[in-house]
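*Asks:* Sequence:
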Amino acid sequence: MHFEARLNELPRHLQSLLQSTSPETSATGLSRRSFLKMATASGFALGCYPMLAIGQDAAAKAPAGLKPTEQPGAFVQIAKDGTVTVTINRLEFGQGVQTALPLILAEELDADWSKVKYANGSNHPAYVDPAYGMHLTGGSNSIAHSYTQYRELGARTRAMLVQAAATQWSVDASGLRTEKGVVVGPGGKKLTYGELAEAAMKLPVPEKVVLKDPKSFRLIGKPTGRLDAKAKSTGTQDFGIDMHLPGMLTAVVARPPVFGAKLKSVDDSAAKAIKGVKAVVRVPVDRGGEGVAIIATGYWPAKQGRDVLKLEWDLGSVEKVDSVKQLASYKELAKQQGALKYNDDVSKIATAPHKLNAEFSFPYLAHTPMEPLNCTVSIKGDKAELWVGTQMPGLDGFAASAALGLKPENIAVHTQMAGGGFGRRAIPTSDYVVEACNVTKAAVAAGLDAPVRTLWSREDDVKGGYYRPMHVHRADIGFDAQGNILGWDHVIVGQSIVSGTPFEGMMVKNGVDATAVEGMKEPYDMPMRLSVHHPKINVPVLWWRSVGSTHTAFVMETLLDEIAETTKQDPVAYRLKLMGDKHPRHKAALELAVEKSGYGKKKLPAGRAYGVAVHESFSSIVAYVVEASIKNGQPKLHKVTAGVHCNLAVNPKTVEAQVQGAALMGLSMCLPGAAITLKDGVVEQSNFGDFVVPRITDMPQVAVHIVPSADAPTGMGEPGLPALAPAFANAVARAGGKRWRELPFKTA
269 MHFEARLNEL PRHLQSLLQS TSPETSATGL SRRSFLKMAT ASGFALGCYP
319 MLAIGQDAAA KAPAGLKPTE QPGAFVQIAK DGTVTVTINR LEFGQGVQTA
369 LPLILAEELD ADWSKVKYAN GSNHPAYVDP AYGMHLTGGS NSIAHSYTQY
419 RELGARTRAM LVQAAATQWS VDASGLRTEK GVVVGPGGKK LTYGELAEAA
469 MKLPVPEKVV LKDPKSFRLI GKPTGRLDAK AKSTGTQDFG IDMHLPGMLT
519 AVVARPPVFG AKLKSVDDSA AKAIKGVKAV VRVPVDRGGE GVAIIATGYW
569 PAKQGRDVLK LEWDLGSVEK VDSVKQLASY KELAKQQGAL KYNDDVSKIA
619 TAPHKLNAEF SFPYLAHTPM EPLNCTVSIK GDKAELWVGT QMPGLDGFAA
669 SAALGLKPEN IAVHTQMAGG GFGRRAIPTS DYVVEACNVT KAAVAAGLDA
719 PVRTLWSRED DVKGGYYRPM HVHRADIGFD AQGNILGWDH VIVGQSIVSG
769 TPFEGMMVKN GVDATAVEGM KEPYDMPMRL SVHHPKINVP VLWWRSVGST
819 HTAFVMETLL DEIAETTKQD PVAYRLKLMG DKHPRHKAAL ELAVEKSGYG
869 KKKLPAGRAY GVAVHESFSS IVAYVVEASI KNGQPKLHKV TAGVHCNLAV
919 NPKTVEAQVQ GAALMGLSMC LPGAAITLKD GVVEQSNFGD FVVPRITDMP
969 QVAVHIVPSA DAPTGMGEPG LPALAPAFAN AVARAGGKRW RELPFKTA
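Here the sequence shown is numbered in the numbering used here, starting from 269 and rising by one per residue.
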């Protein structure tokens, strides 16, 4: 998506948002070419912005053509002791960007890595995604889009430090070099970055810099421990849920049992009698519904107050979804052609020597991050501050301004580290942020002049909506004895995750939501007719880690495996044949996984079989060769070998961790009980007792191998997920089990 180029296609309210937070203007309306320098007692920052400035007397113009996202001031601070603090323009929620982005900048800065720290960004204009022009952590784009940006930020900062040293020594800057936070001059003279900081901040920011040859990298590409590892392993890391402000109150909300329902009556007398409860207020909630917020001195009295509320709901005017009936209706709809994505000639299916007809079903899935949703809001007059782990602080800030009736430039969003998210913290409706703003606004109206932290419980989170959509796939395939696909006629049924959102104009074309069909057809050479139905259902849906590839990869890779088995071909050789010579990265990933797994060379224990799958998502390819068996009638995953092609791996440790975590999440889709179902409009699951997630006993042995490359990095937050489930299913089928047409698995 190119947000700036297609700004005019967006609804008017989002146009205003992107214009107010674009690289062209700051939140105060100043031209992007007007910047401030600032000096502090402890260090310096280059080219800083009005929102961050301490002293506004040192105003200076940045070089022509230099965008806010290219200015070091909002990103780099160097203290007198040489400590370098790098601000990240993304949400850190487990994917490791708070190490990878500082690592990239520190490489070009020639910083001493032992003195590098990180800080979280905000909804300030400098922290937009430089490719999209809006604040966003998603689509596995953090490193892919900010790789060159952070290299240049480091190189500009280094150039200013070198010039400051050259001026002090009265020598030409071209004769100086840097190493580990020190500028080295004639005769071995040395000045630390901390010693040069104050002088360097007075110099102009260079517009053009020369970046290192990757061959000289000393940090990028080397396995590096995470900067937050100690804090997380010692329990000292703060997340959004840990926010504490003076006088802060805590709120929980009683939401309708059916999405969008309103209240008939409220009896809050018992709730108000709970010690610590300060107010009970009615508030609007997501999808036009109503709720009741209990505001108290802490979570426990707020929860106790909610537990004793007597609420009557008006359920007559909202659709009450039933998963069993919904699945049946989807299967009927799948028999009809929908809106076309591909329209290749598939007439040869009728006369093909071999035919394969298959129907697949996939349930709703909850995100269930370990840290439930939360947002803290403080309102002071015509200004407000939010503390929240958000993937889209700019959009959430704009939504907060609308909810609070305040100007967007008067909303400060402080991005907090989040304990997971998997897409749930990137909501086009900003549901939980808007709710928290409405709660705090109601608290102020009730005379409570205090910040309010609105917390969701695990049960709130599981029942609270925005799931991976339910899908049904129907495929009719014709192929010959050599496995050549003569025609593939395919229909997908599922809700659109962007319908009705600001992204609909960009991502829905000819009635097809692009996120629902990603991963279909490529990289294989085949004639395919692909059509889609997007029913309107009263269940809020959203992207879920790896988005459409969560279901398309399973369908594609299990069906191809079945064709290979039917035509008595090796599944690896068959895939390589279908790829042809146009997909060298796919081939490299698959061949690496095969080589490292011992596939075709070692004898597996009795009852075990290999399963293979390869899939591209977010410009990266992950291939899996797995070993699985059937134990006590249930599929069991024993070993996973991954071949990864993500171009340059900035931090191989992060890539390894992301693939391991994504593989585990892919496994979660397969486990019995890993589904969200509805009856009479009510979500039937509530916590990990009835929404299954993998336990340590489910975790297989995972080995990750990366294809070497010097090309610019591609994404890794999501690509490890899609191929796991089909590889597992293929192994189970080859171990004597059935060919799975649904997830999660039930019995073998």
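Don't read these hints as lab results, they were simulated from the structure. Keep in mind that this is a model prediction, so the values were computed, not measured. A virtual CB, placed ideally from N, CA and C, is assigned to each residue, including glycine. Warning: the hint list may mix true and false statements.
Unchecked claim - The list that follows gives simulated cross-link-like pairs (lysine to any residue, SDA-like), each with its CA atoms no further than 20 Å apart: (1) Lys588 x Lys789; (2) Lys777 x Tyr610; (3) Lys498 x Asp510; (4) Lys603 x Ser591; (5) Lys709 x Arg555; (6) Lys864 x Glu830; (7) Lys845 x Val776; (8) Lys904 x Ile964; (9) Lys789 x Val776; (10) Lys648 x Asn678; (11) Lys907 x Lys845; (12) Lys593 x Gly941.
Unchecked claim - Distance ranges between label pairs, derived from CB positions: (13) Gln969 x Lys588: 43 to 51 Å; (14) Ala874 x Gly493: 36 to 44 Å; (15) Asp481 x Lys571: 52 to 60 Å; (16) Gly493 x Gly866: 43 to 51 Å; (17) Phe485 x Asp590: 42 to 50 Å; (18) Phe485 x Met967: 29 to 37 Å; (19) Gly875 x Ser767: 44 to 52 Å; (20) Ala596 x Gly957: 50 to 58 Å.
*Asks:* Evaluate each hint against the coordinates.
*Replies:* Quick rundown of the hints versus the structure:
1. Lys588 x Lys789: Measuring from Cα to Cα gives roughly 35 Å; hence the hint is violated.
2. Lys777 x Tyr610: Distance ~12 Å between Lys777 and Tyr610 Cα, so the pair holds.
3. Lys498 x Asp510: holds (17 Å)
4. Lys603 x Ser591: holds (19 Å)
5. Lys709 x Arg555: holds (19 Å)
6. Lys864 x Glu830: This hinted pair is violated, its Cα atoms lying about 24 Å apart.
7. Lys845 x Val776: With a Cα-Cα distance of about 33 Å, the restraint between Lys845 and Val776 is violated, given a limit of 20 Å.
8. Lys904 x Ile964: holds (13 Å)
9. Lys789 x Val776: With Cα atoms ~19 Å apart, Lys789 and Val776 stay inside 20 Å; holds.
10. Lys648 x Asn678: Given pair Lys648, Asn678 holds - Cα atoms ~10 Å apart, limit 20 Å.
11. Lys907 x Lys845: violated (26 Å)
12. Lys593 x Gly941: It holds: about 19 Å lies between the C-alpha atoms, which stays within 20 Å.
13. Gln969 x Lys588: 43 to 51 Å: holds (45 Å)
14. Ala874 x Gly493: 36 to 44 Å: holds (40 Å)
15. Asp481 x Lys571: 52 to 60 Å: Given about 58 Å between the Cβ atoms, the range holds.
16. Gly493 x Gly866: 43 to 51 Å: With Cβ atoms ~30 Å apart, the hint is violated.
17. Phe485 x Asp590: 42 to 50 Å: Check failed, 56 Å falls outside 42 to 50 Å.
18. Phe485 x Met967: 29 to 37 Å: holds (33 Å)
19. Gly875 x Ser767: 44 to 52 Å: Between Gly875 and Ser767, where Cβ atoms are some 46 Å apart, the hint holds.
20. Ala596 x Gly957: 50 to 58 Å: violated (28 Å)
The structure fails hints 1, 6, 7, 11, 16, 17, 20 (numbered hints given earlier, in ascending order).
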